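**Q** Listed below, chain by chain, are the residues.
Protein chains: 4
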Amino acid sequence: MHVIDQMLDTYPKDLGDVDRAALSKCITACRECAQACAACADACLSEDMVAELTKCIRSNLDCAEICTTTGDVLSRHTGYDANLTRAILEACQTACKSCGDECASHADMHEHCKICADACQKCEQACVDLLATL
Amino acid sequence: MHVIDQMLDTYPKDLGDVDRAALSKCITACRECAQACAACADACLSEDMVAELTKCIRSNLDCAEICTTTGDVLSRHTGYDANLTRAILEACQTACKSCGDECASHADMHEHCKICADACQKCEQACVDLLATL
Amino acid sequence: MHVIDQMLDTYPKDLGDVDRAALSKCITACRECAQACAACADACLSEDMVAELTKCIRSNLDCAEICTTTGDVLSRHTGYDANLTRAILEACQTACKSCGDECASHADMHEHCKICADACQKCEQACVDLLATL
Amino acid sequence: MHVIDQMLDTYPKDLGDVDRAALSKCITACRECAQACAACADACLSEDMVAELTKCIRSNLDCAEICTTTGDVLSRHTGYDANLTRAILEACQTACKSCGDECASHADMHEHCKICADACQKCEQACVDLLATL
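Protein chains in written order, with our numbering: chain A, 5 to 138; chain B, 5 to 138; chain C, 5 to 138; chain D, 5 to 138.
If you're looking for bench data, these hints aren't it; they were derived computationally from the structure. Just to be clear, a hint being listed does not mean it is correct.
Pairs involving identical chains hold if they fit within one copy or between any two copies, as the list cannot separate such chains.
Said to hold, decoys possible - Listed below are the simulated BS3-like cross-link pairs for lysine-lysine, each with C-alpha atoms no more than 27 Å apart in a straight line:
no., residue 1, residue 2
1, Lys101, Lys118
2, Lys17, Lys118
3, Lys59, Lys17
4, Lys101, Lys17
5, Lys118, Lys59
Keep in mind the model is a prediction, meaning the values are calculated, not measured.
Based on the provided sequences and hints, a complete structural model is requested.
**A** Here you go:
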């Protein structure tokens, strides 16, 4: 989303020594992953074999919510708190790893799980990359 | 976000007679507006004249949360409920109109408010357009 | 939650001519309904007959999220906007009515749906009551 | 909230060897803390000296959102994932510690910050206690 960079560019104060590219990439990945997971939960819910997808739906719901929250925390710069940024990034990385693995395990049967697994893996990597710069 | 269309394309059941383009456009606009509003609230918070921006911050927080919720409701198709879709779209349209007007009123002083006003107006229009197809 | 009244009591500015009792009751009902719906979605997901409960799960997820958002909007008083309060309360009333009806329709089979239907009906009424005072 | 225990009691499957009392207490604390933080952010926003409270508002917003998300994750039992539960509890504990310290530092000047600091400390402890049982 172009709007992420526009808002970073117009933040009135100094952003500190944050890696701007890694931050922007991570917010973008969180937003895309949240969208993929919300939609994947609903797609799984509409599958005839939904009874076999309940673990996936639960992972989707957790990951969607954690990614949205992480994207919001990363979009706030006032009163920056490195400990909190690290803690929520680690939770997000864990959620994406867990949901990505679950979706990948039946990605060959459900195209929506394949797309979601990709979004999870991209977001997990973006969290790892941003954590490395902190 | 490309992922919105990919998930709509791979939804396992029939999406009904929804206007697919209007739906995709509205989810996209909700996501961008939520991001712009979350970031604008924080940018306002860091302005030296924050005391004059408290109404804007409050509008931003409401609009961000309502847009996120609307984007999530619109991403669920299982057990579609036209009444609920209409009600949340109307709330989203109201939030975007309110926040867009507020941001626009001091957009000449704060570049982040100008970007946010644009995102609000785009999202308000996308809600109106989707409502017209229901 | 006691904390709702404590925070209303210590708000630094005048709350305006809002009906304080109706406001407190509605925030409380939104929080309880959000909790009931989040838990009911997960309980339905773990039922053997989950395939017959997909509409209920979707209603639960929408209602949980809209109740949380409504509780948050109602907890903000700075820059009060009656139009927005009305619009989100109407969306919340619609979500609670829809989810309450769905849960009530199989409340005799699932105790968690009965508890959730009660929470939805209480929240729907609290929205109606608060709307009547605006 | 009574509804938390009612929903735990009626969950259709076995909850595993989770410490039910610690779980219920932690969900309750997350809900109360989220409410306190959402209201405290808005109360700070309405203080005349808002310019000196921007760090507190930011902490409030992060903590409110992380507590809501943690309460939701803890309310889902289907496909339980200990790693994710631990990660989000650690993030919640960090957010509550950070926000509680910030609020406590000016609790003598703002009654709402005192109430919020109490809610944060209670929630931080509930996270620690639940983590100890996992």
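**Q** Evaluate Lys17 and Lys118 at a C-alpha cut-off of 27 Å and name the case that applies: within, between, both or neither.
**A** between (40 Å within a copy, 17 Å between copies)
**Q** Give the relationship of Lys101 and Lys17 under a CA distance limit of 27 Å: within one copy only, between copies only, both, or neither.
**A** Between. Shortest inter-copy distance 26 Å satisfies the 27 Å Cα cut-off; intra-copy 34 Å does not.
**Q** For Lys59 and Lys17, with the copy left unspecified, which applies at a CA distance of at most 27 Å: within, between, both, or neither?
**A** For Lys59 and Lys17, only the inter-copy Cα distance (14 Å) is at most 27 Å; the intra-copy one is 44 Å.
**Q** At most 27 Å between C-alpha atoms: does Lys118 with Lys59 qualify within a copy, between copies, both, or neither?
**A** The answer is both: 16 Å in one copy and 24 Å across copies each meet 27 Å.
**Q** Within a copy, between copies, both or neither: where do Lys101 and Lys118 come within 27 Å Cα-Cα?
**A** Result: close within a single copy only, 14 Å intra versus 36 Å inter.
In the structure shown, no violation is registered for any of the earlier numbered hints.
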